[in-house]
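Residue numbers (the numbering used here), protein chains in the order written: chain U, 45 to 157; chain A, 288 to 399.
In short, the hints are calculated from the structure, not lab data. As the structure is a computational prediction, the values presented were derived from the model and not from experiment. Treat the hints with care, since some could be wrong.
Said to hold, decoys possible - In silico DSSO-like pairs for lysine-lysine, Cα to Cα no more than 30 Å straight-line:
1) A/Lys347 with A/Lys394
2) A/Lys394 with A/Lys364
3) A/Lys364 with U/Lys127
4) A/Lys347 with U/Lys101
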Amino acid sequence: EPEVTQTPSHQVTQMGQEVILRCVPISNHLYFYWYRQILGQKVEFLVSFYNNEISEKSEIFDDQFSVERPDGSNFTLKIRSTKLEDSAMYFCASRATGANEAFFGQGTRLTVV
Amino acid sequence: GDSVTQMEGPVTLSEEAFLTINCTYTATGYPSLFWYVQYPGEGLQLLLKATKADDKGSNKGFEATYRKETTSFHLEKGSVQVSDSAVYFCALTMDSNYQLIWGAGTKLIIKP
Numbered sequence: 045e046p047e048v049t050q051t052p053s054h055q056v057t058q059m060g061q062e063v064i065l066r067c068v069p070i071s072n073h074l075y076f077y078w079y080r081q082i083l084g085q086k087v088e089f090l091v092s093f094y095n096n097e098i099s100e101k102s103e104i105f106d107d108q109f110s111v112e113r114p115d116g117s118n119f120t121l122k123i124r125s126t127k128l129e130d131s132a133m134y135f136c137a138s139r140a141t142g143a144n145e146a147f148f149g150q151g152t153r154l155t156v157v
Numbered sequence: 288g289d290s291v292t293q294m295e296g297p298v299t300l301s302e303e304a305f306l307t308i309n310c311t312y313t314a315t316g317y318p319s320l321f322w323y324v325q326y327p328g329e330g331l332q333l334l335l336k337a338t339k340a341d342d343k344g345s346n347k348g349f350e351a352t353y354r355k356e357t358t359s360f361h362l363e364k365g366s367v368q369v370s371d372s373a374v375y376f377c378a379l380t381m382d383s384n385y386q387l388i389w390g391a392g393t394k395l396i397i398k399p
């Protein structure tokens with residue numbers, strides 16, 4: 045069964061460093077998403093991406109964040125200069141055209157120290 | 288704004304007990320409603336969904352009915368198993384862009 049895969053599963057980084065979280069969406073999906081869940085809090089929408097551009101983003105998704113689809117298979121989330129409060133589980137999701145359900149990856153746990 | 292409220296966990300039940308996890312929502316229009324499940328060490332999996340009022344979503348013995356009059360989407364299962372132990376998330380989306388708004392999640396613990 046096709047699935048969304050995320051790497052790494054756990055990333056530890058020092059405050060101020062750049063991190064790139066990687067996702068491989070399901071191959072025929074065209075809509076991509078990043079969500080995050082800070083420990084003990086709700087899952088929060090970060091950004092959606094379609095046709096090589098951001099279609100919607102939340103207030104959380106400030107200038108420190110960027111997304112990219114560098115090739116035909118990967119979808120990345122970059123945090124330019126990490127802060128302690130960026131520590132969270134980050135989930136990638138993808139959705140097929142016309143579908144109203146998204147498929148999620150297993151998440152990357154980012155720990156900023 | 289739009290929001291989802293779930294009952295707080297953890298919910299602890301014995302095997303074969305009846306399960307209800309409450310979910311209510313606030314939305315300006317008519318959302319699509321979802322239940323996602325997260326098993327230990329795994330990602331978020333769609334459990335069931337309903338896209339309009341009175342629709343019933345069902346999967347793996349779980350059911351939830353979209354109740355517009357009470358703005359609710361309670362998750363039920365007649366007889367739970369130890370393998371149902373997980374965190375359950377209620378969520379909604381209002382727009383065609385499929386931006387999901389999530390409840391806080393309810394941890395379910397089933398004891399043998």
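*List of violated hint numbers, smallest to largest*: 3 and 4
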